[in-house]
Amino acid sequence: MEFYLPIAEMSINPIGFLILGIIVGTLSGTFGVGGGFLMTPLLIFLGIPPTIAVASEANHIVGSSLSGTIGHLRRKAVDIRMGNVLLAGGILGSFLGIYIFNSLKQVGLVDLLITASYFLFLTAIGLFMLYESLDSLGYFGHKKRSRYYHHSWIMGLPLKIRFKRSGLYISLIPPYIIGFIVGIFSSIMGVGGGFIIIPAMIYILRMPTNVVVGTSLYQIIFITSFVTILHASTNQSVDIILALILLLGGAIGAQIGVRLSSKLNGAWLRIALSILVLAVGLIMASELIIKPDNVIKIISGSNL
Amino acid sequence: MIKKLLIPIFSIFILMGQMPPNIIIDENEKDIRIKPNIAGTEVVLYGAMPSGKKDIIIEVVGPARNISLEEKRRIYGFWLGLGRAEYFQVPSYYNIMSSRKLSEIADQSVFDKLRLGVTNLPLGNAKISNSNTSQNIFNKNLKKYMLDKGQFKIGENEIIVKSGPGKVGIFSTEFLLPSNSYQGKYFVRYFIFQNGEFISYAENKIDLKQAGFSRAIWLTATNFPLLYGILAVILSGSLGWLISTIFRRLKIS
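Protein sequences appear in the order of chains A and B.
The numbering of the first sequence is my numbering, which starts it at 5 and goes up by one.
The numbering of the second sequence is my numbering, which starts it at 259 and goes up by one.
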């Protein structure tokens with residue numbers, strides 16, 4: 005059986021991509037990460053042009069984050085006000101991200117931008133996760149962090165408002181800036197940005213961990229919707245068929261992952277995931293350095 | 259079905275009691291059988307030709323399209339795609355079908371003279387920027403790519419020739435225009451060969467009016483990009499919502 009991807013202009017085996025969706029979905033369900041930062045590189049390895057991988061993955065995350073948010077909303081684990089502030093920054097950031105993306109696409113450097121961003125982020129996250137999981141196994145002499153005290157510079161900022169569900173009274177500025185930065189990377193990398201925003205919420209904003217994932221997912225729905233529309237309307241690289249196949253597989257995987265996560269040892273799993281993340285980052289970088297099989301390739305049949 | 263349509267053609271020759279001097283095809287494009295389905299559009303080509311030791315080659319050339327290629331070069335140790343070749347007149351579809359292996363039908367020099375085959379297919383002038391590579395090299399890569407993707411096809415032995423009544427041969431072949439095929443005119447050229455020499459020629463065309471499923475998605479994405487983006491978000495969001503609802507129901511029951 006073969007499926008034709010109308011925008012990527014290639015035939016794929018839908019079962020293979022469904023399985024890919026299930027595997028990444030399982031990982032994201034197990035670890036509570038969105039999975040975009042693994043899916044986009046994997047799509048590129050499988051031969052989907054990088055621009056289409058990024059835009060279609062953003063489209064895929066719209067559905068998967070909406071699916072995830074519903075569960076968190078039911079458990080009242082979403083700080084909607086905080087989500088909205090992050091989102092306001094994110095929308096501005098995604099405009100800037102799309103502008104950078106399309107400018108570099110014009111001069112043929114967008115693949116470099118995507119690959120380099122992934123290499124840097126995957127290496128950073130992989131090392132951070134490795135450190136954290138080894139730390140929790142007691143390798144580095146654990147220090148207990150207090151969440152009740154913010155860094156003094158954050159407390160000193162103006163425009164303070166109350167975030168009821170998070171139990172915080174802080175300035176609008178830090179979440180707005182965090183949202184802005186995530187928005188840029190969301191449009192360049194085709195990710196929701198959970199892997200940046202979740203640590204930022206915990207370590208910078210000091211939000212309680214029980215609302216972190218829900219709030220992150222909530223704002224991701226809107227950011228990725230916005231990024232999808234921007235990519236579709238400026239460079240026509242959203243492949244809806246690809247996004248829907250991945251979504252179907254991812255949803256099944258997420259359910260498996262949630263059940264798995266309660267049965268497995270978290271720290272060792274995190275070590276495994278961090279090694280996987282580091283490996284994907286390295287393979288990504290090697291594509292830039294190793295001579296490609298064919299130096300000439302098709303970049304667009306569609307949008308001239 | 260094909261036989262029924264061919265009866266009028268044959269009856270002429272049978273009445274005349276002689277071999278047709280030439281290839282006979284239905285000039286009326288409405289009579290080429292076109293059957294749209296999910297995979298694309300099935301096309302059946304048929305006609306009459308003089309019987310005997312003769313070969314037939316049919317070439318189908320689809321409407322022109324744009325394509326751009328990128329050439330990677332090593333700069334500061336990184337492979338960057340900076341070179342560009344932009345094409346504006348590449349056939350979106352090409353298919354060469356024959357009754358025997360092409361190499362058995364005639365020499366390559368004969369095909370070259372007739373401008374037949376993938377190697378002789380013109381791709382139009384490309385606008386090359388930021389690269390010193392000649393268009394020939396880009397052309398070769400593009401043709402290889404189109405062959406790999408199935409947009410260009412070589413269908414040797416795909417035409418069936420049967421001897422009909424009298425000295426008439428019936429040829430027929432069918433092929434699939436994939437669901438991403440461009441709408442417009444597909445030129446069909448028929449070549450008859452005998453003993454390695456070209457003896458007779460005819461042409462007609464297929465007008466593909468209805469876009470296939472994949473092509474319709476592509477057209478929406480290109481012509482109504484904002485609408486397409488909004489639709490993509492709605493579709494992905496509704497599927498996500500549907501999935502979460504289904505799993506919630508399953509847990510309860």
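A few of these clues could be false.
To be verified - Calculated lysine-lysine pairs in the DSSO-like style (CA-CA distance at most 30 Å, straight line):
hint: 1; chain 1: B; residue 1: K443; chain 2: A; residue 2: K295
hint: 2; chain 1: A; residue 1: K295; chain 2: B; residue 2: K467
hint: 3; chain 1: B; residue 1: K385; chain 2: B; residue 2: K371
hint: 4; chain 1: B; residue 1: K509; chain 2: A; residue 2: K267
hint: 5; chain 1: B; residue 1: K402; chain 2: A; residue 2: K295
hint: 6; chain 1: B; residue 1: K311; chain 2: A; residue 2: K301
hint: 7; chain 1: A; residue 1: K301; chain 2: B; residue 2: K443
hint: 8; chain 1: B; residue 1: K385; chain 2: B; residue 2: K293
hint: 9; chain 1: A; residue 1: K80; chain 2: B; residue 2: K467
hint: 10; chain 1: A; residue 1: K301; chain 2: B; residue 2: K420
hint: 11; chain 1: B; residue 1: K401; chain 2: B; residue 2: K385
hint: 12; chain 1: B; residue 1: K467; chain 2: B; residue 2: K402
hint: 13; chain 1: A; residue 1: K164; chain 2: A; residue 2: K295
hint: 14; chain 1: B; residue 1: K407; chain 2: A; residue 2: K295
hint: 15; chain 1: B; residue 1: K371; chain 2: B; residue 2: K402
hint: 16; chain 1: B; residue 1: K359; chain 2: B; residue 2: K371
hint: 17; chain 1: B; residue 1: K311; chain 2: B; residue 2: K425
hint: 18; chain 1: A; residue 1: K295; chain 2: B; residue 2: K401
Claimed, not checked - Counterexamples of contact, computed for chain B against chain A with all Cβ distances above 12 Å:
hint: 19; residue: E300
hint: 20; residue: S389
hint: 21; residue: E416
Claimed, not checked - Per the computed footprint, the stretches of chain A lying under chain B, defined by three or more beta-carbons under 8 Å from a beta-carbon of chain B, are:
hint: 22; segment: 12-24
hint: 23; segment: 48-58
hint: 24; segment: 71-79
hint: 25; segment: 188-201
hint: 26; segment: 249-259
hint: 27; segment: 275-287
Because the hints were derived from the structure by calculation, they are not lab data.
Quantities reported herein were computed from a predicted structural model and do not represent experimental measurements.
Just so you know, even glycine gets a beta-carbon here, dropped at the ideal spot from N, CA and C.
Which numbered hints turn out to be false for this structure? Result: hints 1, 2, 6, 8, 9, 10, 13, 20, 23, 25 and 27 break, sorted rising.
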